[in-house]
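Start from the sequences and build out the full structure, keeping to the hints where you can.
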Amino acid sequence: MTRRAQENIVVAVLACVFVGYIAVALGFGPNARLVPLPIAAVGLLCLMVQIVRQNLGGGLKKNTVNPLTLLTGGQPIAESEPEIAAAPERDVRRELAAFGFVGLFVALIVALGPVPAVFLFCAGYLSISKHYALWKAVALAGAFAATVYLLFVVGLELQLYHGLLEPWIEQF
Amino acid sequence: MLEAIGSGLVALLTPQAMTFMVIGVVYGLVVGILPGLGGIVALALLLPFTYGYELAATLALLLGAHIATIWGGSVTSILFNVPGAAKSLALVFDGHPMTQQGQASRALGASAMAALLGGVIGAVFLALSIPIVRPVMLALGPSEYLMLALWGLTIIATFSEGSLLKGLIATAFGIMIAFVGMDPITGTPRFWFDIVYLLDGISFPVAMIGLFAVAEMIKLYVKGETMVDRVTGDERSSVLDGVKDTFRHWWLVVRSSLLGLWIGVLPGVGASVGGIAAYAQAVQTSKTPERFGKGAVEGVIAPDATLGANEGGGLMPTLAFGIPGGESMAILLIAFLSMGIVPGPQMLTTGLDLVFSMVWIIVIANVLTTLLGLGISPYLARLPMLNPNIMIPLVLSVCLFGAFATRGLVADVVVAALFGLTGYYMDKYNYSRANFVIGMVLAEMIERNLHISLSLYGSDFIFTRPIALTMLVLMIVTTALPFVRTYRARSAGREHDT
Numbered sequence: 001m002t003r004r005a006q007e008n009i010v011v012a013v014l015a016c017v018f019v020g021y022i023a024v025a026l027g028f029g030p031n032a033r034l035v036p037l038p039i040a041a042v043g044l045l046c047l048m049v050q051i052v053r054q055n056l057g058g059g060l061k062k063n064t065v066n067p068l069t070l071l072t073g074g075q076p077i078a079e080s081e082p083e084i085a086a087a088p089e090r091d092v093r094r095e096l097a098a099f100g101f102v103g104l105f106v107a108l109i110v111a112l113g114p115v116p117a118v119f120l121f122c123a124g125y126l127s128i129s130k131h132y133a134l135w136k137a138v139a140l141a142g143a144f145a146a147t148v149y150l151l152f153v154v155g156l157e158l159q160l161y162h163g164l165l166e167p168w169i170e171q172f
Numbered sequence: 001m002l003e004a005i006g007s008g009l010v011a012l013l014t015p016q017a018m019t020f021m022v023i024g025v026v027y028g029l030v031v032g033i034l035p036g037l038g039g040i041v042a043l044a045l046l047l048p049f050t051y052g053y054e055l056a057a058t059l060a061l062l063l064g065a066h067i068a069t070i071w072g073g074s075v076t077s078i079l080f081n082v083p084g085a086a087k088s089l090a091l092v093f094d095g096h097p098m099t100q101q102g103q104a105s106r107a108l109g110a111s112a113m114a115a116l117l118g119g120v121i122g123a124v125f126l127a128l129s130i131p132i133v134r135p136v137m138l139a140l141g142p143s144e145y146l147m148l149a150l151w152g153l154t155i156i157a158t159f160s161e162g163s164l165l166k167g168l169i170a171t172a173f174g175i176m177i178a179f180v181g182m183d184p185i186t187g188t189p190r191f192w193f194d195i196v197y198l199l200d201g202i203s204f205p206v207a208m209i210g211l212f213a214v215a216e217m218i219k220l221y222v223k224g225e226t227m228v229d230r231v232t233g234d235e236r237s238s239v240l241d242g243v244k245d246t247f248r249h250w251w252l253v254v255r256s257s258l259l260g261l262w263i264g265v266l267p268g269v270g271a272s273v274g275g276i277a278a279y280a281q282a283v284q285t286s287k288t289p290e291r292f293g294k295g296a297v298e299g300v301i302a303p304d305a306t307l308g309a310n311e312g313g314g315l316m317p318t319l320a321f322g323i324p325g326g327e328s329m330a331i332l333l334i335a336f337l338s339m340g341i342v343p344g345p346q347m348l349t350t351g352l353d354l355v356f357s358m359v360w361i362i363v364i365a366n367v368l369t370t371l372l373g374l375g376i377s378p379y380l381a382r383l384p385m386l387n388p389n390i391m392i393p394l395v396l397s398v399c400l401f402g403a404f405a406t407r408g409l410v411a412d413v414v415v416a417a418l419f420g421l422t423g424y425y426m427d428k429y430n431y432s433r434a435n436f437v438i439g440m441v442l443a444e445m446i447e448r449n450l451h452i453s454l455s456l457y458g459s460d461f462i463f464t465r466p467i468a469l470t471m472l473v474l475m476i477v478t479t480a481l482p483f484v485r486t487y488r489a490r491s492a493g494r495e496h497d498t
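From first to last, the protein sequence lines stand for chains A and B. Residues in the first sequence are numbered from 1 upward in steps of one, following my numbering. Residues in the second sequence are numbered from 1 upward in steps of one, following my numbering.
These are calculated hints, taken from the structure and not from any lab test. Virtual Cβ for every residue (Gly too), placed ideally from N, Cα, C. Wrong hints could be hidden among the right ones.
Claimed, not checked - List time: in silico EDC-like cross-link candidates among lysine to aspartate or glutamate, alpha-carbon distance up to 16 Å: (1) Lys-428(B) x Glu-95(A); (2) Lys-219(B) x Glu-95(A); (3) Lys-219(B) x Glu-157(A); (4) Lys-219(B) x Asp-427(B); (5) Lys-428(B) x Asp-91(A); (6) Lys-223(B) x Glu-95(A); (7) Lys-223(B) x Asp-91(A); (8) Lys-223(B) x Glu-54(B).
Stated by the list, open to error - Anything over 10 Å on all C-beta distances counts as not near chain A; from chain B, calculated: (9) Gly-6; (10) Pro-97; (11) Ser-129; (12) Pro-135; (13) Leu-198; (14) Gly-224; (15) Val-243; (16) Leu-258; (17) Phe-292; (18) Leu-396; (19) Phe-401; (20) Ile-467; (21) Ala-480.
The structure is reproduced here in structure tokens:
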């Protein structure tokens, strides 16, 4: 997918958010929508101009101004925002993997609570990335989870959340 | 005022405050040296720790960490040719060639001393500006504050890195997100979609952790395996050489510091622009500009002095008007608000000792950073590599645990992850995250002052308040200026072609 197509998708998604926001804001009283409505409308207007500009010839490059030249009073220069032909396949795979491990970590926190989740995630990541042998990864993750526990639970006196699976685990 | 200067210092002389300052500086140095993290991530990760401690101690932790990350970022640029943060980019031009020539210790020494001198000049400026700014602030009313916030937003968008339009879109998006939850003026629940969690609004610290820290970890993973790796060569210089260089080029330090102050005061003009601008002025004013880019020590001194002074300059509008100078100031502002520190006229009247505590923190943290920096520089100069495989799981753990710790809500973890995703894509497609944050921070100020202005002065308040009207005119001029300049430049280019 070309950079232009990617940028168009981003603008389309944002436009949907802004339109939805305006639709919801219209249901509020005049005082409650006094600021949100015009701000969203201005944002939507900017998005419309943006989509037109970025689809004109060389639009992605013409779109930018150099803050340094503005600051020093010089002539603004179009910044080189390279029109990248396509995101490499490797990047897409790594993006999906990154979102996957963040999602998995969140799921672990929701299911087991933050401290066991930190231990499992760190041990898993360090061993799967092959940075450490399994026993070293487990030892480091254990030490780190204990530090985090001391810092947040003992130091900040944080009330811990024990996870959705707590009642099920307690049965055993 | 003298009393406030004294009590500001006394508040810092507690064991907790001094310990927090040292922790902050050491933490800031470590995070700053790790490429890809930088000051914003360091501050975002500290936000959960802003509750339950002495005010001065928490400020010492936050500001100490923030100041230390600046020099930490410079270390990465000098040693590894990878800017620790965008603002340290200018240090790469001459800092790394010095490392290649076996003068890493000299470059690190010059960098640390220039940052210290710049930081002290910035702190002195902050202290001196208070008696000047105070009467101005007290003369302003809600309509002027409204215009000031709107003007700040447009300037921020104008100077944002990348596209002006994208900057404006990001700002609008940030403001919109800030309106989720109960409207404090009318009591109307807004954009809550029958989810009780959303009635309290999006927690700013949680959003910051996601937007910057989680997003940076995703970015780091996508970027690839090795972050920095280098072959260490013979070291033929000492840290003391760099310190002497800084004093030899004292006039450059003063000029660069003043530039840093000016850039810090301007809302939205990030320190990244400051570093490059300082480098540019060092080249332009040098008698031997041909040496730059090949390992000239002035190319290290100028950006670091600017970055050091930038903090004092940036704190002034943040504390006086509640308008942050950049993204790091926006995060500091969020921390201030969560600690019960409300920027505005009262900061420079009843809260004066707190302001002077910050001035002292800037000075002491700069001294500590420099002492520690000079001490560890000879060892840093031999640092061979840094690996992200350890960093990603550990930092991500602190991010998500920190998000949970902010309010003790597990839903905040989910929100931090969602903001992480948003932050990653905003960064990838050049929608300024700084603008988003500043929009979020200023939203409440805009709404509150608009409602007060309408009820006090009526719907045509803008025409009955001359200062507000002048600000509106200035806002329109400064927003239109880049477009006019671009149009003129293109017209001139076309005429030149024909």
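*Given the hinted pair Lys-428(B) and Glu-95(A), is their alpha-carbon gap at most 16 Å?*
Holds, at about 11 Å.
*Just double-check Pro-97(B) for me: nearest Cβ-Cβ distance to chain A has to come out over 10 Å.*
22 Å, holds
*Once the closest CB in chain A is found, is it more than 10 Å from Gly-224(B)?*
The claim breaks: Gly-224(B) does not keep its Cβ more than 10 Å from every Cβ of chain A (closest is about 8 Å).
*Can we trust that Val-243(B) is non-interface, i.e. its beta-carbon lies farther than 10 Å from all of chain A?*
Since the minimum Cβ distance to chain A is about 30 Å, Val-243(B) lies beyond 10 Å and the statement holds.
*Claimed clearance of chain A by Leu-198(B), with the beta carbon kept past 10 Å*: 12 Å, holds
*Within 16 Å, alpha carbon to alpha carbon, are Lys-428(B) and Asp-91(A)?*
12 Å, holds
_For a C-alpha distance cap of 16 Å, please report whether Lys-223(B) and Glu-95(A) respect it._
Holds, at roughly 9 Å.
*Verify the proposed pairing of Lys-223(B) with Glu-54(B), using a straight-line Cα cut of 16 Å.*
Not satisfied, since the Cα-Cα distance of roughly 40 Å exceeds 16 Å.
*asked:* Checking one constraint from the list: CA of Lys-219(B) to CA of Glu-157(A), max 16 Å. Satisfied?
replied: Violated, at roughly 32 Å.
_Check on Ser-129(B) being off the interface with chain A, judged by Cβ distance over 10 Å_ = Ser-129(B) is indeed farther than 10 Å from all Cβ atoms of chain A, at 21 Å.
*Hey, is Leu-258(B) genuinely clear of chain A, shortest beta carbon separation above 10 Å?*
14 Å, holds
*Are the Cα atoms of Lys-223(B) and Asp-91(A) separated by 16 Å or less?*
Distance of about 8 Å is within 16 Å: holds.
Violation of the numbered hints given earlier is confined to hints 3, 8, 14, 18, 19; the remaining hints are satisfied by the structure.
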